[in-house]
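Asker: Residue numbers (this note's numbering), protein chains in the order written: chain A, 1 to 271; chain B, 1 to 274.
Take these hints with a grain of salt, some might be off.
Rough simulated footprint, nothing fancy, chain A against chain B, three-plus residues with beta-carbon under 8 Å [as the list claims (entries may be wrong)]:
1. 35-43
2. 81-89
3. 100-111
4. 139-145
Straight-line Cα separation of at most 30 Å, BS3-like style, residue types lysine-lysine; simulated pairs [as the list claims (entries may be wrong)]:
5. B:K184 - B:K160
6. B:K24 - B:K110
7. A:K255 - B:K110
8. B:K160 - B:K266
9. B:K24 - A:K255
10. B:K160 - B:K265
11. B:K268 - B:K160
12. B:K110 - B:K160
13. B:K160 - A:K255
Please keep in mind that the hints were generated in silico from the structure rather than gathered at the bench.
Beta carbons are placed, not taken as given, at the ideal position from N, Cα and C, and that holds for glycine.
These are the residues of each chain, in order.
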Amino acid sequence: MKATPHYAFSPASYRQRATIFSGTAILLVAACIFMGFDPSMLFTEFHFVIDLFKEMMPPHFHPLWEDKTIGMAILETLSMAFMGTLIGGGIALVLAFFAATNTMPFRAVRLLVRAILSIQRVIPSLFIILIFVAAVGLGPFAGMLTLVFSTIGTFGQLFAEIIENTAYEPADAIYATGASRWQVIRYVILPQTLPSFTANLFYAYDINIRTAIGLGIFGGGGIGFQLFQAMRLLHYRDALALICLTVLLIVLTEKMSDALRGQLLGGGALK
Amino acid sequence: MPLNHRTAMNAISYNLRWVRRYRKGLLALVILVPLASGASYICGVQWTSLWKGMAESGALVRLMTPEWDAFAEMLKPAMESVLIALVGTLLGTVLSILFAFTAASNIAPKWLRNSVRFVLGLERALPEIVILLFLVAAFGLGPFAGVLSLTIGCIGMLGKLIADAIEELDPVSLESIEAIGATKIQLLVFGVIQQIMPSIISFALFRFELSIRLSIVLGAVGAGGIGLEMYRAFFLLDYPRATTALVVILAMVFVTERLSEFLRKKIKAEGALK
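Isolated chain B (complex conformation) (with noise of 0.2 Å):
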């Protein structure tokens, strides 16, 4: 009986009705769980031995309690952690520029510019953290080490960034510095660097707030400074002094967060540094 047929199909439509409505959902549920639990298994997922690890360690009861005397001690450490931010910023910044002006298509031939934007490219696949193991490997341990790898992770940052800040630049400014005779240095200069200096700086300052985090962490693999202490102190199951050292980082992270925002905005409202 085609009637017959035709409402039970009907039914059947009508039930399924929800299946149509979210088959977007459905589908995303259907490649998830799968994903989910293989993923799950490889990580090897338990998570009752995390509630009982977190009781046993006691670690979070241990880690309330700084140890108020070893802020001392923290102190130079902390101080080595900036500086190594600091420096492999500035140097950074300062070869991004001349990486930029290579990898920019209204400055550099194009060949230039390509393998440029390749190297680049390739600088920013790469963690900081392989780089410095590679540098750790040829120099040795140390904060000379951990400046050469935040430099490099910051020239291929930066060197995108200006590169393409460079690129966006007004053809028109640059053609009107070239028609009154400037020289290409000056070109570079007074058309190029002048123009882009506001966002330079901006950029300069994002990646220092980068740089202070990742210096945490290269510092625990070789670089040395405050993430090296607490490194240090997790692995002798010292746990107030790990505790000191996380207090000192929050300080450090912040107050960078807080004067690189304040100096960015201050850039921003006055168009550059006059």
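If we strip away everything but chain A, and leave its shape as in the complex, we get (with noise of 0.2 Å):
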């Protein structure tokens, strides 16, 4: 009996390996030729790049406590995420309950208010801010409402999911009693979905504080829009200050958050 040779792949699966890889490469190519985009560029132009960082060197931190500005735009964006936090969470929290199945009898109203969390949740923010700004001007209060409106489509849907993977069994019996719909979302439902909405929502402030920033650049004002404002005007110094201070401020917003869900959820469940 002749020995069968061992390859590390089968002749099929090298052949699919194979097919897999060279088309992604001659995709890529074809990509990159139709948009102009050329890698070695990355090489050729770097130079340009070490200028710019020769230019934000040393960075002007002074203004960051000289200007009054700066400050008012840190406020308005912690505040912009927040309210859009509070505002767009409660409105979530309010529709979840008219999408979970366990909650809501009506299917036709069900899937009417899932249809609206989802449209919430796929047309892009720069459509909405865009939309903001042109009713209430460029500022805060644009972002703050862009803010409510991505964070009902973001949420919604997954508080729908969390309220409907609540415990059976404990609604049952207090249905048996002869509650009503209401006396069971209020003692079997909410005390059990409780802690994972908060830290939903903790989760949903460090995701706003980092779609504030990037908001600020279509006029929803604050930190982002300093921040756009400065590289604009070439004051790159003062740009290269306003980064450190962007990425401190999602650094510290993240740990936070991290640190209030783990306690909420009971420590060790979340890594």
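Got two chains here, each in a separate frame; can you build the complex from them with the hints?
Answerer: Okay, structure coming up:
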């Protein structure tokens, strides 16, 4: 009996891998040519990045405490994200009860609310902020409204799933004593879901801070707007200081939100 | 009178039972109400101006009628946005595998692992839009800066995820490959990449969904593509054109989401691409 040679891959799987690999490579090259994206530019033009760094060094930190607008901008970003999370989270919570199978008996209402939530999730926030800027003008109010909108879209669906995942035995037990639907929500579903709602809202705040910085560029005000201005006016040293500040803000929010979530979900539940 | 005193206290505490019962809710109210009022003051919240502005600008009414003729013009920018996301994700995934090797404790020495993890954390903390602002200042407007910023964002996210996946690998399987005399490269290819390939692909698909959404926003800041098209239409108050761009974007996001979900399910079912 002839010994069959052992390959690392069987010929069929080798062919499949080769096809996938070469297909991806061809696609990549075609895409680069179509866009006019030249990867070698990264090496030939890298001196621009070094020049920019040289212009940015050393960062001008002193406007951070001398200029009142920067302090105000930080407050604006923080409060934009806060209000967005609070109002958006509140509305998402209410809508979630209308979208969950165990709290909403009517199928039509559930489908309608779910459709609204998924539309809100896919519409890009760029579009939303441009509409709100057209309606209420530039400033943090427009940014806040956008965050409300996007928070509802992202977390409404999630909250509905959390509600649907509650244990149904306690609800059955309380229904059996003659409780109304409202009482079941109040005494069975809310106590089970409230910790994870709150934990998710801390997470939402973390996301909203990041989004708020991006929205600033399109007229949402706050630190993103200041950064955009500094970059546009070629005040690179101020810009680098603002970038450092942004990173600090995001890291601090993330740590705080993680710590609070870990505490809420009983430690260890979250890495 | 001690007795009287006690009855009075009981009466008070009886009346204040609800305070004790709802103390958590009350505490939340006491904290949230001042915070919310302060925050809404800073944001300049004026609900009346919202209703009035919505009615006056008439944006919503005019948005209802997309300009169907503009669809053909939207296709090329849309294609560009998709390609920016695709190339950024592909490059980012390949590079993030390299970063992940140096950020995994079972492959790289401790000092290297910790410093690479720090860099990855820094990349994650920088929003893509800020990276793009920086790159646009260096390289000028265009897809180049867009692709690079998505690549950097992708490395920050996938680098950590893949490194975590490598660290969770069974050390026994790595040792057995080493024991039969594999070189370091062979160990990485057959011991590590081979095993985590399914998770790398599903992370990359997930990141691609995110990149598509980001490429729209980045487009408006200077990467070009459909986001720029929509931003320009809004700037010129050409709402029907903006709606057309929105329809194209929605289709784009929807299709990529479905596609990535389908592929991820397939990978999960088959274990890996065989």
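Asker: Kindly indicate which numbered hints from before are broken by the structure, ordering the numbers from low to high.
Answerer: Violated hints (numbers, rising): 3, 6; every other hint is consistent with the structure.
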